[in-house]
Each structure stands twice: as C-alpha cells, then as structure tokens.
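Number of protein chains: 4
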Amino acid sequence: MTDTARTIRVTVWNENVHEQREEAVRARYPEGIHGAVAAGIEENLKGQVDVRTATLEQPEHGLTEEVLASTDVLTWWGHAAHDKVADEVVERVQRHVLGGMGLVVLHSGHFSKIFRTLMGTTCSLRWRSEHDRELVWTLKPHHPVAEGVPSPIVIPEQEMYGEVFDIPDPDELVFVSSFSGGEVFRSGCSFHRGNGRIFYFSPGDQAYPVYHHPDVRKVIANAVRWVAPAESARDLPRLQNCPTGWYENADGSEARA
Amino acid sequence: MTDTARTIRVTVWNENVHEQREEAVRARYPEGIHGAVAAGIEENLKGQVDVRTATLEQPEHGLTEEVLASTDVLTWWGHAAHDKVADEVVERVQRHVLGGMGLVVLHSGHFSKIFRTLMGTTCSLRWRSEHDRELVWTLKPHHPVAEGVPSPIVIPEQEMYGEVFDIPDPDELVFVSSFSGGEVFRSGCSFHRGNGRIFYFSPGDQAYPVYHHPDVRKVIANAVRWVAPAESARDLPRLQNCPTGWYENADGSEARA
Amino acid sequence: MTDTARTIRVTVWNENVHEQREEAVRARYPEGIHGAVAAGIEENLKGQVDVRTATLEQPEHGLTEEVLASTDVLTWWGHAAHDKVADEVVERVQRHVLGGMGLVVLHSGHFSKIFRTLMGTTCSLRWRSEHDRELVWTLKPHHPVAEGVPSPIVIPEQEMYGEVFDIPDPDELVFVSSFSGGEVFRSGCSFHRGNGRIFYFSPGDQAYPVYHHPDVRKVIANAVRWVAPAESARDLPRLQNCPTGWYENADGSEARA
Amino acid sequence: MTDTARTIRVTVWNENVHEQREEAVRARYPEGIHGAVAAGIEENLKGQVDVRTATLEQPEHGLTEEVLASTDVLTWWGHAAHDKVADEVVERVQRHVLGGMGLVVLHSGHFSKIFRTLMGTTCSLRWRSEHDRELVWTLKPHHPVAEGVPSPIVIPEQEMYGEVFDIPDPDELVFVSSFSGGEVFRSGCSFHRGNGRIFYFSPGDQAYPVYHHPDVRKVIANAVRWVAPAESARDLPRLQNCPTGWYENADGSEARA
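Residue numbers (UniProt numbering), protein chains in the order written: chain A, 1 to 257; chain B, 1 to 257; chain C, 1 to 257; chain D, 1 to 257.
Be aware that one or more of the hints could be misleading.
Result set (BS3-like, lysine-lysine): computed pairs, CA atoms no more than 27 Å apart in a straight line [as the list claims (entries may be wrong)]:
no.	chain 1	residue 1	chain 2	residue 2
1	D	K84	C	K113
2	B	K140	D	K84
3	B	K140	D	K113
4	D	K113	C	K113
5	A	K218	A	K140
6	B	K84	B	K113
7	A	K140	D	K113
8	B	K46	B	K218
9	D	K113	D	K84
10	A	K113	B	K113
11	C	K84	D	K113
12	C	K113	A	K140
13	A	K113	B	K84
In case anyone wonders, no lab produced these hints; they're calculated from the structure. Note that the structure is a prediction, hence the values are computed from the model and not measured.
With the rest of the complex left out, here is chain A:
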C-alpha cells in the first residue's frame, strides 16, 4: 500500500476482430474496445497509470516477454478469436500472473484460453443478447473495487450472462447482477493464483456501448488498481520447485535451500 505513489504499468489487450469486421462495432468503438477500456482507466487513474495497448494481430499478440516483464496489470478482452491466441503466449501470461502480475478479465474473456487455464474449469455460462437491462449490485461495499459506484449500477442495454457460471468459488464475490429476463450472474469475482491477483468483471460487449458507461469504467479502473502487485511483490522470483526444505535435516544439520 506504500506503492500507490508509483505508476502502475497497464497493458490493455484486445483481440480487435469485431472492430475490423463489423461497421456497427467500429462506429461504437472507433478506437477499438481497447481504446475505450484504456481511456476509462486513464480518466479514472490520472497520473497513477501508464497505459499501452496490445492486440492479436501484432507479433506474439503484442505480449512478448519484454512487454509482460514491464507490465504490472494486464486487462483482457476477447470473443471471436480465442482459438487464435498462441498456446505459447498463454503459458507466458500464466507464468507472469503466477509471478505477481495482475490480470483483469472482461466479459467474453471468460472463455479465453488464459482465463480457462487459470481457473481449470470450462468457464461456461448462459447468455442471450437481447438488450436486457443489467443491474450490477455490490455485495461488499467496503471492497476497493466497488469504490465510488452506486449499487446497483444500471446498464440500460446489455447481453445477458446467467448462472451456472462454471468457475471455482471466487475468493471474493464483489458484484452480482440481475437481468430483465430474471437471470442472475456473479459479475464481479476476485481470485488469487500464485502471487497474482485476478479480477473478472462481466459487463461489456462489442454489441453494446457498455465501455463508455462511466460506472463500468470506474470499476475497471478500481480493479486495475486493486490487482496491481505491491512494490515488494513486483520482483518476487517466480515460484518454483525447491530442491531442499528450509530448516534442517532430520539429523539437525543445516540445509538451507
């Protein structure tokens, strides 16, 4: 918590496929979904973040070892091209998350290779894109990710995501949404994996202007700040198998690793 003075280095990742294929999406997100997400983070964390973007079509999807090594928080949006993401890059991102890099997974990113790899489950859910009204309710008003947003957040039109959401029990359940159709969904969940923090937030879709919604942008910015590793955790060695125990051999002789 002493490290809030420092700048959080954020990489906003987007597959950037719908924007190129569909005029309507391009009109909705002229800078791409990554552009809208990045703008929301910057406007809410002025002077606290250094934000860059990366997309699928770039070499190594823009997620080289160098980029990840200098990233404190990665945000992930994908939908139409999950299978186009190289397994090698997925393993690299997983290694960095387990080593302490924060990860914010957005909406349809629930089905991304990286989220499914970190969860170990199908991450399947129910869905229906028919302009439902979504209400995002805060279960933990004291949680930093819920700071400064009303309960509920009212999203006039949005894709419905419904339970059963096949994930491990989250470490913290911060938001639960209801939809016009009556469905419910765990829309804001935190997970710890290795040294890394992960936050999943479901609102947002290529077919609705949700990433322009000020409360949604505020939550994403809060999540970026919350998953950012502490200064002290940023340079932690990656966890690895340790050839000997710490303390002493059974005979009492020292055997520090």
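Keeping the supplied structure of chain A fixed, place chains B, C and D upon it in accordance with the hints.
For chains B, C and D alone, coordinates are given in the frame of chain A:
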C-alpha cells in the same frame, strides 16, 4: 447421501515406473503402488466399492472414454513420468471430473498434468527426502475424510513436503502436517471444480512404505467415499455453454433453452 | 455417508406468534408455520426422519438440554419475537451446533439471536413486502441441497430480500435469487461452525404461502439431510480448551492430553 | 490504496493485569505489553501512524464511543481478565468493526469476548507453555501482512498453540506455525466482517519476550496497515436494516430507500 447403498466404482491409476526400475520399490510394493492403494480402499470399504487399476503403459494409459464413463472415483499417483501422460488423456480426465467424477490425488501427483490443469497454478512445493517423521493433524474433526483416524497420524519416516504449496486456496483444509525438520504443509485439501470433488492427500511415497500405514489407507478410503458423486449427480450432463438464457426475453416472450 | 440408514431426529422450531395474532396467517398456515415446515420435511424424507416441533411459548421455548441432546437437526423460524428468546436458550443452542447438531435457518430467522450469534455480524438486509416474484437460481447443481429442484425455482409471490446481506462469506453459495424489482439476494448459503453445519434458506414468509411450495419444501428437506451430522460426529465431545498439547514436551517426554 | 498518505489512528488495547501482578512480566515488559506493541507499530510505520493506548482499568476500559469513532485500527491483547470486559464495551467495539474499523487480535486474545463474538465459535485451542521453539511459515508470500519477514520466522521460546483452533474458516490463511513438540497452528488468519477487516496473529505471550522480536513487530505493523479502512470506507454508514428495496416496486413505480 441416499446413494451409499450403491457400489462406488473406483479406478486406481499409477504410472508404475519406479516399481519396474527399482528393486527396492518393488520389494516395498510387490503389487505396485496401485496394488497397495487398491488394497487399502478395499479393506476399508468392504462391499461398498468395485476397484480396478490402470497404469501408464496400457493403451491410452488405461483411461479410455469407456473406463472413465464407468468410473465414479479416480485416484492418481505419478512421479517420474508426468510428461509421459498424453494431453488427450488429461483433457478427457478433466472433462469427466468437471462432469462429476471424483478425483483423489496422492503425494507426488501434485505435479501431475491433471492436477496442475485443474488447479491452474504451478503446484510447486518444497521437498526433502531424508526420513523425516511426519505428523498429520486434523483441523476439521467432523469432516468425513478425517473419520476414524487419530490426530495426529504419526508416520515414522516420510519425505518432507513443505510450504509454499502453490495451489488456489482449498475449499476446505482438513489436514496440516509438520515434519521433523520443522516444516509445515497443507497435507489434506478439498476442491470443487465443475460438478466434481477433488481431494489432495500428500502422505505416501515410493521410497517409504506409507501406503501400508493403516491410518493413511483409512484416509484414502474416506476420501474415495467423500468425492464419490451422489447418484443424482452421476448422470449430469457435462456443463456446457447454453445458447439462450432460461427465463424469458426482455419482451417477456418465453425462450427456454 | 454410512449413516443415512438411521433416522434423523429433527426439531422444527417456530416462534408461533403471527399465527395467533393474525387471522390471515392462521388461514394460510392452519397448523402453524412449524406445521407446514414439518409436513414438508416428512413428505420428502419419508422413513428417514423423526420430526417434532417446539415453540416460543413452551417452557424454555421447548428447547431443553434433553431435547437438544436428542436432536440431530434444528430448523428455526422467527420474526416478530426474536427478543423474547432467552439468552440462556440461545447459548444452549449455539453450544449444540458447535458440538455437531445441524441448524437450518429460515427466512426472517436471519435476524434471530441464534443466527446473529453464530455469524457475528448484523445479518441485516434489504426487504420489501410487495408481492414480488422470486426466482431462486442454483449455482451448484451438484450440491445435495439443490437435488431435485428446477433452476430457477419460481415463487409467484414473495417478500423481497436484497443485498447487502451482512453475513460472513458463506462456505458455499448454493442459491442466488432475483426479484421482480430487480434485486438479488444470496438465498441459499452454507456455513460450518465448530462441528456443526448450518444452512440458511431465505424463501418463506408468514404473509405468503411459500411453505406450501413443493420446491421450497424439497430444498428444506435436502438441507435437513445435508446438515445432519454423520453417525461418527453425533457423539463427538464438545470442543473445549485442552490443558496440554498432544505430542511431547520440549524435552521429548510424553504429555498426551 | 489512495489513503496511505493519511495517518492511521491506532489504539493499542491491553488488559494490563499480568504486568501489575507479576514482577517477571513487569521486568519483561516495563512499559506493559501495550507499550511494547505500540513501540513495534511506531518503529515500523514511522510517520504513517498515530498510536495511543488504552487499558482495562480505565473508565469504559478506555474505549469510549469517542475513542472508537476516532480509531482506524484497534489491537487487542487480553488473557487473565477476559470476563472483566463489560459486555456494553464489547458490543460497541463489534459495531465499530462491522462499520469499518480494523481489528488486530493478538495471541491469548483468541479467547476475548470481542473475538469470540465476532467469530461465533468457542475459539478454543490446545496450548502448553514449555518453551517450545515456534516457526512461523508464510503460506502467501505476496500478502501485505507477510511483507519483509523471513519464512519461517524463528521464535526461540514461545507458548505452544495447537489445532484444533475452533474458528470459522479464515478468509485467508497467511501463516501456519509448527512447534518443537510437533504441533501445528493457523497463526495468521484474516477475516472480513461487515465493512471491517480482522487479523488474528498468535505469536506473543506475557511469559516470553516475543513482542520484542523484530519480525513479530513487523508482522503486527503490517497487519495494522492492512486492516486499516480505506479513506472511502472510513465514513461508511453502519450497516443497518433497510426499510425498502432499492429499485422499484413490483408495479414498476420508484421506491428508493
């Protein structure tokens, strides 16, 4: 709980490599580690289980779709040949666990592909094989997996496993062990993934006769019984993405999946 | 799980105040709310349960040491007279729950002394009694408490309960409800305290015929079965401070408790 | 995390009984246990904290409404006089914790009225005071409370605390200790209750100079920083029952609380 009358169909899997390579291990486990584990389950759950074994060298490692479809609980032991297990078989086992098949992971199985896949973390830990005494303490005396064993279970000689054990927080922490060297380890952990229950139990090693220890055998049998799916869960459809929401469209018209 | 053959001894507790004061409630629940709850448990667990009832106006509220000592599962309904329940009885019930007796807390029981004492929080929530439709969604289809009921359970008219529900994070979140007004609520939660299991289930109210709803009755019966202690846990000594450690003194001499 | 610039207002509470009765304790803690705890917090959080102390013998035990209303974090040490703490003061402290005040409970404070009230369980454990060596192992190296201390922390002489520790499952298990006798204990646990954070840390006793141990002092200071409410949470209304739901009546008309 109405299904305890039925027989639990158990498949005990073992890589069966040390037993073939090392005379000492063969002498310790003449029927193989799978033979000792199977015998312990049968002696503790007489008339309640139907136990078969499967090993790495068999076609598809003995874990065909047919075998898994008729398995209620799979136990897993591996160490020297984790990388020899085919990814296709790992995916198949994962799918069955998420669909409701119980899984009991033993000792060095912490580094198996299937456990790492289900956990999403490195599953690394500290270790030292120098004949430490292990004490296995019960944290949840009411838990079915701890039924009928003393606290602590005293294992005169065992490999040390120590924290940090890089796993997601377990749903339940049933056992914690201490070792002669002073180390501690979360030696009995439960996890739910999809419709499946998973129990990890660390005591047991090819270099020590731990699978002949009556309390260790009792815990493994308890775990088999506890991860076994309820009758009602055994035929659950595998979780999958649902094309529409359940209840109604935003306009109120019915749209059941 | 070997103890399902035995009979589960259930005590259904009800303050039984609204039924005496209000004609409409008496008409809705001619046998009292306790009568309706008891009937639902008996019809769903024929031959597996021995059900008796107890009410506020009885000596010691019908919850003497003898009654509790011969109770496997206690269900609790209260609303208008929480403060009339004697602290001595609350302490007695708490002691039995921590010793292994199961507890099922229903609806407005969220504000009972016993639930607040076991939770340590205010257990406050939002509410509105205006004939909302409640949909009870299952998050854990494999959970024994969700066995045999549709998702969602549709309750045509019910009091709205909404978040923030001020409870500790439940060990398992089995059901989440939505209401016509758009609110959401964690309507089915499990907790472990000491050796005892607790299940909170929110549907049900004196002003609506919810305890006649077959799915609600099924869930309550499932919960009774699920919180019932295993045979092996029924006679566990109450947890207590232990005057010495288990294993050995620092000098190595034995010092078993 | 934006609030680390502000000063954290800490009140260190101590029953201060052993120090007055026993020469040896007075010699060990000439400023009282509260003096040693306060000094450890101040030396580790220079310029970040404003620390005062309060003790049992003061009016209202030094914990008036005014004192608590201007306290961000309360630390609690008690042992010989738990029953001397007025229930009215316990209720007051509970209300402030649920409203957002942080609480750090130390060692024998496990049996304090306030901790037992917040946990809802007996909080019993095993103990033996025979100069055991305690090793405090970190399970979560990335956790802010574990920042800057070795794993294990080596405490040459300490009272043994052993499982079963009768508490609800902690939200996070940060430290587990082993003792010379072979016992294990969950020595560092976090809990969220209402808007408040609670951290229990077991090392420390009147009969050993543990509160002079630099690593123990560091952990206590880390815990104070970690349970301190965010600026945004400090003025949160105390949670309370809400007379109406938030959103709309079943007929769609507005009915904001």
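Hints and how they fare:
1. This hinted pair checks out: K84/D and K113/C have alpha carbons roughly 23 Å apart, not beyond 27 Å.
2. Restraint check for K140/B and K84/D: the C-alpha separation of about 32 Å exceeds 27 Å, so the hint is violated.
3. Between K140/B and K113/D, the direct Cα distance comes to roughly 23 Å. Compliance with the 27 Å bound is thereby established for this hinted pair.
4. Restraint check for K113/D and K113/C: satisfied, since their Cα atoms lie roughly 17 Å apart, inside the 27 Å limit.
5. The hinted pair formed by K218/A and K140/A meets the criterion: a straight-line CA distance of about 16 Å does not exceed 27 Å.
6. Note on K84/B and K113/B: the hinted pairing holds, with a Cα-Cα distance of about 10 Å set against a maximum of 27 Å.
7. Simply put, K140/A and K113/D have alpha-carbon atoms about 26 Å apart, close enough for the 27 Å limit, and the pair holds.
8. Our distance criterion of 27 Å between C-alpha atoms is met by K46/B and K218/B, whose separation comes to about 12 Å.
9. For the hint linking K113/D to K84/D, the alpha-carbon distance of about 10 Å falls within 27 Å, and the restraint holds.
10. Under the criterion of a C-alpha separation no larger than 27 Å, the hint pairing K113/A with K113/B is consistent with the structure, at around 17 Å.
11. Proximity of K84/C to K113/D is assessed by CA-CA distance (about 23 Å); at most 27 Å being required, the pair is judged to hold.
12. Of the pairs offered as hints, the one joining K113/C and K140/A holds, with about 23 Å between alpha carbons and a cut-off of 27 Å not exceeded.
13. A distance of roughly 23 Å separates the Cα atoms of K113/A and K84/B; the hinted pair therefore holds under the 27 Å criterion.
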